[in-house]
Amino acid sequence: MFFAQSRGAMDISTILGIIFGFGLVISAMGQGGGLTWFFNVPSAMIVVGGTIGAVFINYPLSDILGVAKVAKNVFFQQELKTETAIRMLIDMSKIARRDGILALENKLEEIKDPFFTKGVMLMIDGVEPAALSRILNTELEYVAERHRMGAEIFMTMGNFAPAMGMMGTLIGLVKMLMQMDDPSSIGPAMAVALLTTFYGVILANLIFLPIAGKLKTRSAAELTVKQLIIHGILSVQSGDNPRILEEKLHSFVSPDERKSTF
Amino acid sequence: MFFAQSRGAMDISTILGIIFGFGLVISAMGQGGGLTWFFNVPSAMIVVGGTIGAVFINYPLSDILGVAKVAKNVFFQQELKTETAIRMLIDMSKIARRDGILALENKLEEIKDPFFTKGVMLMIDGVEPAALSRILNTELEYVAERHRMGAEIFMTMGNFAPAMGMMGTLIGLVKMLMQMDDPSSIGPAMAVALLTTFYGVILANLIFLPIAGKLKTRSAAELTVKQLIIHGILSVQSGDNPRILEEKLHSFVSPDERKSTF
Amino acid sequence: MFFAQSRGAMDISTILGIIFGFGLVISAMGQGGGLTWFFNVPSAMIVVGGTIGAVFINYPLSDILGVAKVAKNVFFQQELKTETAIRMLIDMSKIARRDGILALENKLEEIKDPFFTKGVMLMIDGVEPAALSRILNTELEYVAERHRMGAEIFMTMGNFAPAMGMMGTLIGLVKMLMQMDDPSSIGPAMAVALLTTFYGVILANLIFLPIAGKLKTRSAAELTVKQLIIHGILSVQSGDNPRILEEKLHSFVSPDERKSTF
Amino acid sequence: MFFAQSRGAMDISTILGIIFGFGLVISAMGQGGGLTWFFNVPSAMIVVGGTIGAVFINYPLSDILGVAKVAKNVFFQQELKTETAIRMLIDMSKIARRDGILALENKLEEIKDPFFTKGVMLMIDGVEPAALSRILNTELEYVAERHRMGAEIFMTMGNFAPAMGMMGTLIGLVKMLMQMDDPSSIGPAMAVALLTTFYGVILANLIFLPIAGKLKTRSAAELTVKQLIIHGILSVQSGDNPRILEEKLHSFVSPDERKSTF
Amino acid sequence: MFFAQSRGAMDISTILGIIFGFGLVISAMGQGGGLTWFFNVPSAMIVVGGTIGAVFINYPLSDILGVAKVAKNVFFQQELKTETAIRMLIDMSKIARRDGILALENKLEEIKDPFFTKGVMLMIDGVEPAALSRILNTELEYVAERHRMGAEIFMTMGNFAPAMGMMGTLIGLVKMLMQMDDPSSIGPAMAVALLTTFYGVILANLIFLPIAGKLKTRSAAELTVKQLIIHGILSVQSGDNPRILEEKLHSFVSPDERKSTF
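Same order as they appear, the protein sequences are chains X, R, P, D and B. 11 is the number of the first residue of the first sequence in the numbering used here; add one for each residue after it. 11 is the number of the first residue of the second sequence in the numbering used here; add one for each residue after it. 11 is the number of the first residue of the third sequence in the numbering used here; add one for each residue after it. 11 is the number of the first residue of the fourth sequence in the numbering used here; add one for each residue after it. 11 is the number of the first residue of the fifth sequence in the numbering used here; add one for each residue after it.
One chain only, chain X, in its complex shape (with noise of 0.2 Å):
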């Protein structure tokens, strides 16, 4: 129930940056007609598939293919929010110290996010304190091991569209250098040209490299509200008291958005 609202939300300033940027890009080009000029398939293919390409010599395919797992945070807000986190263990603290940690078995289905569930269930199953401990950091490390090379990946791609652009640029200008017979098309020919070396600083500036950067950040807010779980289970395990539970969790949150709830 908790969740059912943040989960999914999209990221709100993905969308603006793209309505944005798209926006203003695709009415500049069809200002004064001709938009249909800047489409070219063949040009397309060159700069998507030679990155493409690139890419695919440059990484594994296990590596690849982990890149669409970690995309969508780009459009979506992180599921699980460091405050919701935060009410849910005092929760879970209140009941643990009231009937038992195994009664938190009831609060298991209000949990949507798989890492906050796994820590619950092996504290349920009595798993020691060290084992829950390295257990969980394990899976944080490989977490944050799979974001940063999501985050490469996207910054190798920005770097290689725009060589692919003005290699595709170099290709339509030798073919029209060598074809010269007709002046009227020299002015055609070399516009085409040049739509490679536009897709590949498109692609590079208002997709990759910006989808990079926001893996990077949402990475860090991520990575900081597992944390933040961790240190909560771990405490919720050993019986501390609620307040003081509050009171380290709320260490991970900047001082202006700590809500007491005491």
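Hints may contain errors.
Pairs involving identical chains hold if they fit within one copy or between any two copies, as the list cannot separate such chains.
Taking lysine-lysine and the DSS-like style, the derived pairs with C-alpha atoms no more than 30 Å apart in a straight line are [as the list claims (entries may be wrong)]: (1) K122 - K91; (2) K269 - K79; (3) K122 - K82; (4) K117 - K79; (5) K91 - K79; (6) K226 - K82; (7) K226 - K128; (8) K117 - K258.
Since the hints were made in silico from the structure, they are not lab data.
Place chains R, P, D and B on chain X using the hints.
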């Protein structure tokens, strides 16, 4: 009273830089007539809009909105100077030793800096040194992180702006090359196409990158004052001799600027 | 038997990348006839020869020759997968506990990986744990250094190739500009001049830089398997329980890929 | 007396570099007449003014004014050479051991370096070793920071100058393209437009960046001498044998340059 | 006798690289006649002179003169190979154990490497191990620093050369654009203008940057041999068993290249 003047003083070098830089550029544009050639709303919208779009995709909304808070540092001098803070702390030290820490309540209204005020209030409330230090240092960390993020966002804008300028120029060139029927229009069309590159270069090199630079140096200065305040408050709380307090705090000041009050 | 299949399996993503990248580029070059325009032996020799020349001046001969050994990693999957290594080590652990370490001699021919073989032979020869660990770790370090050098050399080639392309284009332009008597030859002459830049961009962005990238990730994977083997052999030698051994080795594997055999 | 000569000696390599670099550039500009073509006050004002403007926005005023103090290091040799400092310190060591530390007062006027003078005066005043070391080391840190900031500001100028040159060229090109009525004026107009790029490249590569480089190496040398002085003074104060003192100080000098006086 | 051959052997890869690189470039320039078009003394003087000028402003004279000492490493193989050094040290170890350290004096003339000679002489002179280690390690540090500075200066030249080439091209373009009366002279004038860019690219990418790269790898190899010598001499001095000495020194050699003499 103490801070009435220093607070809100404009940053002289920023103002000089703007007058110098933009003055020369604008006078160069206007020289020999034709200043209006350089103003083109659609071109400006591509560069500014594209840069904003890329930054919105690149950062979460909360970080982008936080930039406003930080950006004022570029135009206003640091509100609280080290020498004023040292003088205030020495005063407090004397009062605390003579009349007890509670007597500092009268001093509170003299302090205009919110971080300083918070520290003194915590001291008056009798918060223990360890907790006081932890609270203020956590706040310091969050301020530092906000500053770092502010400088980084301006740096990112400085990197995207020239790319957006190039993108706009490519749009203009493609349009020009596609309709070269009237030779006399080629010159002006190309001039307009170059305008976006021009805007991108100016935005990056006279606005975004220098602002990023100033935010970095300003942030360092502001954090030094805040650290000085934390050390000073802890020293006042522990009842240090004012002379020793001054010596301690002078390690935060360059030897040339140290003015002993003893 | 175990490794017969995994050994020598081609790296799928490299092959896909080459087909994708070069396929699209070549089809773009050939589109509308004129594929032969893009093949020019002297131009290719300037770029390839210049890059090789610069690399030979830049590195000692032994390092350059060592690249060949490393470069095969780009086209072939890592020979020994972590799961296979773990299964082998658990088998060995069971045999060693039941029949003694000398009984592992029969297992030797099943191991195709030379590093793994060397480790098991040292164990059978009764080398002490400390010495065994030191010998294998030193070899690991030299493998890592050879990998690092391989990736660095390809990165250096990726940096020199575009410069050599530009150099070739300048040579072509100077020649063209020196003999502009026949206007009809200007176009083709300039096209040929641009070819070297084109070759430089392709070599760097579809070959050298992506290969450097894959060598880096492949090296990390190979070193992880080798570290797993060292830990596994030391554990077998000390007579660890197979279950504990599996748990130890699973820390080298992402949680998703762990398959317990118990 | 000792330092009369070494102080203020011009830095030979800077002077040679200026003569070489600018001599060749100016003779190349003048070759075949037309030196005046390269002087254009408005173009120079855009590049110099724009760069200064950007630097003023980028740095606080105090840091910019501090550059002047540091920039003289580019033209003048380091005032105090290591060998002179070592000889002076050995002399002092002998005097101090024979006649006591107070006898060093006669030596004071021989020392021209203010840092050295300050150290000796503190020693004569009987400041304790720990305090003396702390005072001199703090001053050393602030000198190092001022040097670092000086080199950084010149580096920043070297980065902004070519961008300002490009901005000026774009202004010139837009103006030229907007009024192409008279074909004979296109050439000279474009030549003038290129002048700002030319100024930007020269300023960055023959002035700002090389100066930043020299400030870095000079700073390292000056800080080494200051560290040598701190060690030497502490050694004199503790009454070390002159022979041991020399051996200690020789660790600051390259083996080739060590000249023992014993 | 031992080193007569290895000393002064040319570095094969440098020579191959020069032949390959320059051979191809020069044959490309000469192809179809017109090799002389590429030689232009004033153009070469701008690029070479400008680069030298910038480097002289950038570095103190002593560092620039020190480059000559280091640059020979690019053309000559490392004088003392690790295997030769190990064999020599094992011989010495046997002699020292049989006849005493003084008996090593006869071996001195066999050693051609001055660093090795110095180490053995210190040992014969009876310098204590701690002092011997300190003296040799200090010398090692200064050698490393001189190497680092040598590579850095070539790297700096590689960065300045293309900028000087661009500066020369701008000078040529301005001159050409200022006197466009004779259309037939435009081509050759532009060709000459491009020559400086061409020289800058060649100097940077076929000379300065590859040399900087080789100096770095050569330096690493030379420092490894020197460290091996220090360890070896200390081991001989302490009377280690030759077998143990060999084992110790083999940790400096890649496993593939180890050749035991026992």
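Now the hints, each set against the structure:
no.	hint	in the structure
1	K122 - K91	within (12 Å within a copy, 34 Å between copies)
2	K269 - K79	between (32 Å within a copy, 22 Å between copies)
3	K122 - K82	within (17 Å within a copy, 41 Å between copies)
4	K117 - K79	within (27 Å within a copy, 40 Å between copies)
5	K91 - K79	both (19 Å within a copy, 23 Å between copies)
6	K226 - K82	both (13 Å within a copy, 26 Å between copies)
7	K226 - K128	within (25 Å within a copy, 33 Å between copies)
8	K117 - K258	within (22 Å within a copy, 33 Å between copies)
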